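Using the sequences plus the hints, can you model the full thing?
So the protein lines, in turn, are chains A and B. When we follow our numbering, the leftmost residue of the first sequence carries the number 1, and every step to the right adds one. When we follow our numbering, the leftmost residue of the second sequence carries the number 1, and every step to the right adds one.
Think of the hints as simulated: they come from the structure by calculation, not from any bench. Owing to the predicted nature of the structure, the values given are computational and were not obtained by experimental measurement. Cβ atoms here follow ideal geometry from the backbone N, Cα and C, with glycine treated the same way. Just so you know, not all the hints are guaranteed correct.
Listed next, with one range per pair, are the computed distances between beta-carbon atoms [to be verified]: (1) B:Lys122 <-> A:Asp473: 39 to 47 Å; (2) A:Pro41 <-> B:Arg284: 38 to 46 Å; (3) B:Pro161 <-> A:Ser395: 41 to 49 Å; (4) A:Lys429 <-> B:Thr116: 22 to 30 Å; (5) B:Glu283 <-> A:His79: 51 to 59 Å.
List of simulated lysine-lysine pairs, DSS-like, C-alpha gap at most 30 Å [unchecked claim]: (6) A:Lys159 <-> B:Lys91; (7) A:Lys180 <-> B:Lys59; (8) A:Lys180 <-> B:Lys275; (9) B:Lys275 <-> A:Lys111; (10) A:Lys144 <-> B:Lys280; (11) A:Lys255 <-> B:Lys277; (12) A:Lys429 <-> B:Lys112; (13) B:Lys90 <-> B:Lys47; (14) A:Lys396 <-> A:Lys277; (15) A:Lys377 <-> B:Lys240; (16) A:Lys77 <-> B:Lys51; (17) A:Lys159 <-> B:Lys90; (18) B:Lys240 <-> A:Lys180; (19) B:Lys302 <-> A:Lys111; (20) B:Lys240 <-> A:Lys77; (21) B:Lys51 <-> A:Lys418; (22) A:Lys180 <-> B:Lys258; (23) B:Lys277 <-> A:Lys256; (24) A:Lys146 <-> B:Lys258; (25) B:Lys320 <-> A:Lys144; (26) B:Lys112 <-> A:Lys159; (27) B:Lys59 <-> A:Lys429; (28) A:Lys76 <-> B:Lys90; (29) A:Lys383 <-> A:Lys76; (30) B:Lys275 <-> A:Lys255; (31) A:Lys159 <-> B:Lys240; (32) B:Lys302 <-> A:Lys277; (33) B:Lys248 <-> A:Lys180; (34) B:Lys90 <-> A:Lys429; (35) A:Lys180 <-> B:Lys277; (36) A:Lys418 <-> B:Lys91; (37) B:Lys248 <-> A:Lys159; (38) B:Lys275 <-> A:Lys144; (39) A:Lys277 <-> A:Lys146; (40) A:Lys429 <-> B:Lys248.
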Amino acid sequence: MMRGNLYGLFIAGLFLLLGCTAKKSEQIPERSYRVETIDMPEGLTAETGALEFLPDGRLIACFLRGEVMIYDPGTKKWHLFAEGLHDPLGMLVVSRSEILVMQRPELTRIKDTDGDGEADLYETVTDDFGITGNYHEFNYGPVKDKDGNLYIALNLASKGGGIRPEVRGRLDTLGRSVGKDMFSVVPYRGWIMQLTPDGRLLPYAMGFRSPNGLGFDAKGNLLVTDNQGDWEGTSKLYQVQEGNFYGQPASLIWKKDWNMGSPFDLSIETLDSMRTKAAVLFPHNIIANSPTQPLCDETKGKFGPFAGQLFVGEMNASRIVRVMLEEVDGALQGACIPFLDGEGLRKGNNRLAFAPDGSLWVGQATHGWAGDDGIQKIVFTGKPPNDIYSMKLTSKGFDLLFTRPLDDSSALNPDHYKFERYYYEYHSKYGSDRMEVTAVPVTEVSISEDRKKVSLTLGSLRAGYVYQLNMGDIRTVSGDSLDHHLICYTLKNLAPA
Amino acid sequence: MFWKRIALLFAAWLFIALAKAQPSNDITVSISAIGGLQYDLVRFQVKPGAKVSIVFTNKDDMEHNLVITRPGSRLKVVNAALALGDEGQKKNFVPDLPEVLGSLPVLSPGDKRTLTFKAPAKTGVYPYVCTYPGHGAVMFGAMYVTDEVMPLLKDDPEIPPERRSGKKELRTGHDTHTAERSHSFREDPPYLYRIFLPDAGPAAIAVNLPHRLSYCWDAGACRLRYAWQGDFLDNTDIWKGHHDAYGKILGTVFFRDKTDLPLRVDQPGNIPTVKFKGYKLIERYPEFHYTINGIEVYELIKPKEDGTGLIRRFRIPQTKRMIWFVADPEDGVDYQSSAGIWRDVRLRLLPEEAREFTVTMTKK
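Have a look at this one:
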């Protein structure tokens, strides 16, 4: 016993020694990403609703009590740019003196016209949508596509609240169920709206519940996250296309020429046949419970090897999720994997923005939910991650591409790839269990010559399921273990044979 | 037979007598999960061995459970629930631990369930906690199993610190220091908030002016709705988030508009259609910009120098139409204008007069 302890101490000491030497001589960082916390101005309640960078490299952030503040990363000083806004939850930078902010009542152009560093002009860009005063009618966006169209998202109202005696917009209670579903009784709650360059606000896509996150992938596809709840068995990432319905029925009443009565009276089969399914499902309590903004990594390597992929904030945990997409049979689908867990990162990760230096800034907000407030940044230390780079569907199974070459013996062991397949129920009930959870055996494993690609053949592949992969102790050639062992692929379409 | 009956009667009498002599210790407690990750009830007391019924209602808009643990085991149970990972949902985030005494499953918003159990014979403080991932650190309360008196609420270490004030405060998620300061800057009038206000549409603007005057301007209806004197607003309730709320008016309302819109075009009876275009800050006073029947209007509201009312400056630079300003005799103020002709409470302005004019409203 005594001897064992001493031996252990000796080994620990040796490691400590080695650790110190390694640090001194080579300066290899221990981790690939480091989290730093930004000092916030005293007195500010830093519930971050929006976060962007100005063309001059300064950070601009909106906070839910109405402030827009600018932070100079060089001097580390904050100053107030605008104030008095109502729950600003999205922003688009136009220039160093002009922004668009999505607040509850309007999309507003905010300008500093006299150059004193403080905004003095607040112009309505659009208020062509309804509000009932229900606390849950948050508005998100805008994001801008390559043709100059803007997109905003309008949250449904919650049964946790009501509607006010005076509402804005035409009131139609058809969009409210007798049950607990979130509701849409003024236009166009539950929709993504398109604002054309000539200023017309057009209904674009419907069926959203709490779409707290808009973005584009590298190819310019519009992506929107939605949160688990009624009609959302788990949280999702949608590829949003014009005219599509994405699942929560309330918003259907604002569809042009809608004549099918209460959408809540339609059968699940009818609704299910009408809806477009998600590109990526975020399994609840496994990947994310409240995903927020999807942000494409356009840092060209400054933030590590995942350029072109998406990062998604998670409100409910100290986590950032990474999403990799591919087009299969004409639609986007793909996988999600934890990117960063803990390591100093707080909860409430609501907004993301890349700084010109390639660091990922994260704005956090609680606002009565689980989370934290403030702003942090995630810096790539230069140490290459040991991670799955991408997961692609093949006709027989999946190809896993890794960031580093793998050790053959651990990578070729089929026991190191445990697949489970399941789906989520589409129903009015809040959330869904994982249904029909079934283990799927891996029948064949092969590795590429450069040892970075592992091809897996699965016992069976079926569309409409999440394939959750738990990996065992796979090592890189240098003997390092992987940073993450869990990845979930949403198999929407099978790969054409 | 006879003796049996006597014995039975005696037993029944004994039972009733005992029940009368010793009042029932059974207790029914209602606990709701409410917004801000908290239970509305943060503690209650039961006698050792008493029958306890907890009626648990989820009044929040996310999922919650309620798990009763052994004394001092709250965090252990919370962490074990978190460690359930994939299995969590299936198990209602209730870990298989001897420290768990009882539980109510994860309830969806609006659902209600009752748990009945016998309180432990051993006195102590038994925490109850929501073990849904992310909730357990802040969402908890305490069941006191004791014959003694519970400690003062403000000194009770077994309940969330925010709840020791005794108010059923919604959690704001901010430390208590920030409650005194709303922002990182000083709020010197004039300044404004876009915020939900009572007696207005949902796109309201609250403006605080010098001389302890404030007003509510409705960006949906494009009109001044009411004005008050006193302090400005208490936004505490609305800033908690996560529930329907209004900014609270801190003062006495002295003016309330009773028209559909004071400005009219051509005829005083025609109610124009309006569109809100925004506002410009002029020395921090907002000048609202809107249209009535497509005609551009600018409106700037300042306090009267003596603090007895408001001066509204209108600019309608491009109209060729007759403009009317219509008030209501019962709206609480007396009117004066810089131009036009009053007929009762209707002011008629020629197009050139309407280019710029003021309407002064003095408290009656």
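Hint by hint, here is what the structure shows:
The given range of 39 to 47 Å is respected by Lys122 of chain B and Asp473 of chain A, whose C-beta atoms sit roughly 45 Å from each other. At about 20 Å, the beta-carbon gap between Pro41 of chain A and Arg284 of chain B misses the expected band of 38 to 46 Å. Judged by the Cβ atoms, the range 41 to 49 Å given for Pro161 of chain B and Ser395 of chain A is violated: they are separated by roughly 58 Å. The supplied range of 22 to 30 Å is met by Lys429 of chain A and Thr116 of chain B, whose beta-carbon atoms lie about 26 Å from each other.
Roughly 19 Å separates the CB atoms of Glu283 of chain B and His79 of chain A, a value that falls outside the hinted 51 to 59 Å. The suggested pairing of Lys159 of chain A with Lys91 of chain B holds, with an alpha-carbon distance near 27 Å, which does not exceed 30 Å. Between the alpha carbons of Lys180 of chain A and Lys59 of chain B the distance comes to roughly 11 Å, so the proposed pair stays at or under 30 Å and holds. For the hint pairing Lys180 of chain A with Lys275 of chain B, the CA-to-CA distance comes to about 35 Å; that exceeds 30 Å, so the pair is violated.
Between Lys275 of chain B and Lys111 of chain A the CA atoms are separated by roughly 20 Å; this keeps the pair inside 30 Å, and the hint holds. For the hint linking Lys144 of chain A to Lys280 of chain B, the alpha-carbon distance of about 26 Å falls within 30 Å, and the restraint holds. As the CA atoms of Lys255 of chain A and Lys277 of chain B are separated by approximately 27 Å, the hinted pair is consistent with the 30 Å bound. For the proposed pair Lys429 of chain A and Lys112 of chain B, the alpha carbon gap of about 15 Å is at most 30 Å, so the pair holds.
Straight-line distance between C-alpha atoms of Lys90 of chain B and Lys47 of chain B comes to about 33 Å, which puts the hinted pair past the 30 Å bound. Between the alpha carbons of Lys396 of chain A and Lys277 of chain A the distance comes to roughly 23 Å, so the proposed pair stays at or under 30 Å and holds. This hinted pair checks out: Lys377 of chain A and Lys240 of chain B have alpha carbons roughly 26 Å apart, not beyond 30 Å. Only pairs whose Cα atoms come within 30 Å are accepted, and Lys77 of chain A paired with Lys51 of chain B is rejected, the gap being roughly 60 Å.
With a CA separation close to 26 Å, the supplied pair Lys159 of chain A and Lys90 of chain B stays within the 30 Å bound. The straight-line distance between the Cα atoms of Lys240 of chain B and Lys180 of chain A is roughly 23 Å, inside the 30 Å bound, and the hint therefore holds. Under the criterion of a C-alpha separation no larger than 30 Å, the hint pairing Lys302 of chain B with Lys111 of chain A is consistent with the structure, at around 23 Å. The suggested pairing of Lys240 of chain B with Lys77 of chain A holds, with an alpha-carbon distance near 28 Å, which does not exceed 30 Å.
Between Lys51 of chain B and Lys418 of chain A, the direct Cα distance comes to roughly 47 Å. Violation of the 30 Å bound is thereby established for this hinted pair. A threshold of 30 Å between alpha carbons decides the hint, and for Lys180 of chain A with Lys258 of chain B the separation of about 37 Å lies outside it, so the pair is violated. For the hint pairing Lys277 of chain B with Lys256 of chain A, the CA-to-CA distance comes to about 27 Å; that is within 30 Å, so the pair holds. Of the supplied pair hints, the one linking Lys146 of chain A and Lys258 of chain B is violated, its CA atoms being roughly 48 Å apart against a limit of 30 Å.
Annotation: proposed proximity of Lys320 of chain B to Lys144 of chain A is violated, straight-line Cα distance about 40 Å (limit 30 Å). A threshold of 30 Å between alpha carbons decides the hint, and for Lys112 of chain B with Lys159 of chain A the separation of about 16 Å falls inside it, so the pair holds. Of the supplied pair hints, the one linking Lys59 of chain B and Lys429 of chain A holds, its CA atoms being roughly 16 Å apart against a limit of 30 Å. For the suggested pair Lys76 of chain A and Lys90 of chain B, the alpha carbons sit about 47 Å apart, so the restraint of at most 30 Å is broken.
With a C-alpha separation of about 27 Å, the suggested pair Lys383 of chain A and Lys76 of chain A falls inside the 30 Å cut-off, and the hint holds. Taken as a hint, the Lys275 of chain B and Lys255 of chain A pair is honoured in the structure, with Cα atoms around 24 Å apart against an allowance of 30 Å. Simply put, Lys159 of chain A and Lys240 of chain B have alpha-carbon atoms about 18 Å apart, close enough for the 30 Å limit, and the pair holds. A hinted pair counts as satisfied when its Cα atoms are at most 30 Å apart, and Lys302 of chain B with Lys277 of chain A does not qualify at roughly 54 Å.
Between the alpha carbons of Lys248 of chain B and Lys180 of chain A the distance comes to roughly 29 Å, so the proposed pair stays at or under 30 Å and holds. Distance restraint check for Lys90 of chain B and Lys429 of chain A: the Cα-Cα separation of roughly 16 Å lies within the 30 Å cut-off, and the hinted pair is therefore satisfied. With a CA separation close to 37 Å, the supplied pair Lys180 of chain A and Lys277 of chain B exceeds the 30 Å bound. Distance check on the hinted pair: Lys418 of chain A and Lys91 of chain B sit about 22 Å apart at the alpha-carbon level, within 30 Å; holds.
For the suggested pair Lys248 of chain B and Lys159 of chain A, the alpha carbons sit about 23 Å apart, so the restraint of at most 30 Å is met. For the hint linking Lys275 of chain B to Lys144 of chain A, the alpha-carbon distance of about 25 Å falls within 30 Å, and the restraint holds. A hinted pair counts as satisfied when its Cα atoms are at most 30 Å apart, and Lys277 of chain A with Lys146 of chain A qualifies at roughly 25 Å. Restraint check for Lys429 of chain A and Lys248 of chain B: the C-alpha separation of about 36 Å exceeds 30 Å, so the hint is violated.
In this structure, the earlier hints numbered 2, 3, 5, 8, 13, 16, 21, 22, 24, 25, 28, 32, 35 and 40 are contradicted, and the remaining ones agree with it.
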